[in-house]
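Novice: Let's have the full structure, built from the sequences with the hints guiding it.
Residue numbers for the sequence shown, in full-length UniProt numbering: 1 to 361.
The reader is advised that the hints may include incorrect statements.
Said to hold, decoys possible - List time: in silico SDA-like cross-link candidates among lysine to any residue, alpha-carbon distance up to 20 Å: (1) K12 - G51; (2) K146 - P103; (3) K302 - E102; (4) K220 - R178; (5) K20 - D120; (6) K302 - A97; (7) K302 - R257; (8) K302 - P258; (9) K285 - L301; (10) K285 - L270; (11) K115 - F56; (12) K12 - E55; (13) K20 - D340; (14) K20 - K115; (15) K146 - E76; (16) K302 - A347; (17) K220 - G51; (18) K20 - Q2; (19) K220 - L301; (20) K220 - L242; (21) K12 - E343; (22) K285 - S303; (23) K12 - Q2.
Honestly, the hints are just simulated from the structure, not real lab data.
The model shown is predicted, which means the values in this text are computed figures rather than measured ones.
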Amino acid sequence: MQQVNGVVARAKGEPVRIEKINIPDPGPGEAVVAIQACGVCHTDLHYREGGINDEFPFLLGHEAAGVVESVGEGVEEVAPGDFVVLNWRAVCGRCRACRRGEPWYCFDTHNALQKMTLTDGTELSPALGIGAFADKTLVAAGQCTKVDPSARPAAVGLLGCGVMAGLGAAINTGNVGRGKSVAVIGVGGVGMAAVVGSRLAGAGRIIAVDVDDRKLEWAKNLGATDVINSSRADPVEGIQALTDGFGADVVIDAVGRPETWRQAFYARDLAGTVVLVGVPTPEMKVPDLPLIDFFGRGGSLKSSWYGDCLPERDFPMLVDLYQQGRLDLDAFVTEEIGLDQVEQAFARMHDGDVLRSVVVW
Numbered sequence: 001m002q003q004v005n006g007v008v009a010r011a012k013g014e015p016v017r018i019e020k021i022n023i024p025d026p027g028p029g030e031a032v033v034a035i036q037a038c039g040v041c042h043t044d045l046h047y048r049e050g051g052i053n054d055e056f057p058f059l060l061g062h063e064a065a066g067v068v069e070s071v072g073e074g075v076e077e078v079a080p081g082d083f084v085v086l087n088w089r090a091v092c093g094r095c096r097a098c099r100r101g102e103p104w105y106c107f108d109t110h111n112a113l114q115k116m117t118l119t120d121g122t123e124l125s126p127a128l129g130i131g132a133f134a135d136k137t138l139v140a141a142g143q144c145t146k147v148d149p150s151a152r153p154a155a156v157g158l159l160g161c162g163v164m165a166g167l168g169a170a171i172n173t174g175n176v177g178r179g180k181s182v183a184v185i186g187v188g189g190v191g192m193a194a195v196v197g198s199r200l201a202g203a204g205r206i207i208a209v210d211v212d213d214r215k216l217e218w219a220k221n222l223g224a225t226d227v228i229n230s231s232r233a234d235p236v237e238g239i240q241a242l243t244d245g246f247g248a249d250v251v252i253d254a255v256g257r258p259e260t261w262r263q264a265f266y267a268r269d270l271a272g273t274v275v276l277v278g279v280p281t282p283e284m285k286v287p288d289l290p291l292i293d294f295f296g297r298g299g300s301l302k303s304s305w306y307g308d309c310l311p312e313r314d315f316p317m318l319v320d321l322y323q324q325g326r327l328d329l330d331a332f333v334t335e336e337i338g339l340d341q342v343e344q345a346f347a348r349m350h351d352g353d354v355l356r357s358v359v360v361w
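Specialist: Structure below.
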């Protein structure tokens, strides 16, 4: 066991603070990773606000890259010294989804079995089973994906959550391909990644929708061909007008609210696809829609789990594209900060001033 610094949320709504935490030696199937960079994601703020569950105290942070320090018995996926990106869906290889060759839908993903603790022995709940706002963290070895060690940690670590979710929502879930039209509703970090993923996949028209002109300008710089400020114009009408009156082939809701999902539903073409990747809260309901509209419009209504990614397949490929200059992950890193600036980063994120603040060691 060793002791390191970590960012802990002790109670709902309270400011986070740096505390000493205990990291157990890795057991069977586990690994200890020395963190090099970790993005500040909105999910971490949800944890602090009690929006995920009430299992306080939380060790926050999950969009991370680092170096494997030690591994437990039976670990073959990675070895000490490997540079890895962490993920929060380590697949089991045994459930019905894995057995039928669809491990990205794994129904029995897992994390480390041992618990990290405060110095008084209080067990910590690591955010998304990772807890990477810490000098080191304990994870399941399957949560570590080895990638090119020359890549910039602050950039490639973002594949661990938001960027992968958006890229995957477009490429994996939405099946965006050459010449297709795509609309992305909400261009925060996840939505911006969906814009980038659509461009990477060869989409012909990419329409970004948001209420913030700053974000829309960022989206144009990252590949959006058109933008709509939905605080000033009806997004459904705007998307239809830009697609010859038909609607987009794929509409990605990166907000996750009933009103934005309804917009996505009606802004798609006949036989088009709606992808929900924005995370709703438990009390939100599917908006009241005539059943004939579900039937008459055809197509697909999908939710995207983590961009339907398979880390061992997708992370190395995307890091290679980044290294080749074909995927601009650096554009998502608005600022690099220290571990003691996470609370301030939450405020800047809430105000829409950043795509990502990234803690670097």
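Novice: Each hint should be assessed against the structure and marked as holding or not.
Specialist: Cross-check of the supplied hints:
no. : hint        : in the structure
1   : K12 - G51   : 9 Å, holds
2   : K146 - P103 : 18 Å, holds
3   : K302 - E102 : 16 Å, holds
4   : K220 - R178 : 19 Å, holds
5   : K20 - D120  : 10 Å, holds
6   : K302 - A97  : 17 Å, holds
7   : K302 - R257 : 15 Å, holds
8   : K302 - P258 : 15 Å, holds
9   : K285 - L301 : 15 Å, holds
10  : K285 - L270 : 24 Å, violated
11  : K115 - F56  : 13 Å, holds
12  : K12 - E55   : 10 Å, holds
13  : K20 - D340  : 13 Å, holds
14  : K20 - K115  : 14 Å, holds
15  : K146 - E76  : 12 Å, holds
16  : K302 - A347 : 32 Å, violated
17  : K220 - G51  : 32 Å, violated
18  : K20 - Q2    : 10 Å, holds
19  : K220 - L301 : 27 Å, violated
20  : K220 - L242 : 15 Å, holds
21  : K12 - E343  : 14 Å, holds
22  : K285 - S303 : 14 Å, holds
23  : K12 - Q2    : 28 Å, violated
This entry does not satisfy hints 10, 16, 17, 19 and 23, going by the numbered hints stated previously.
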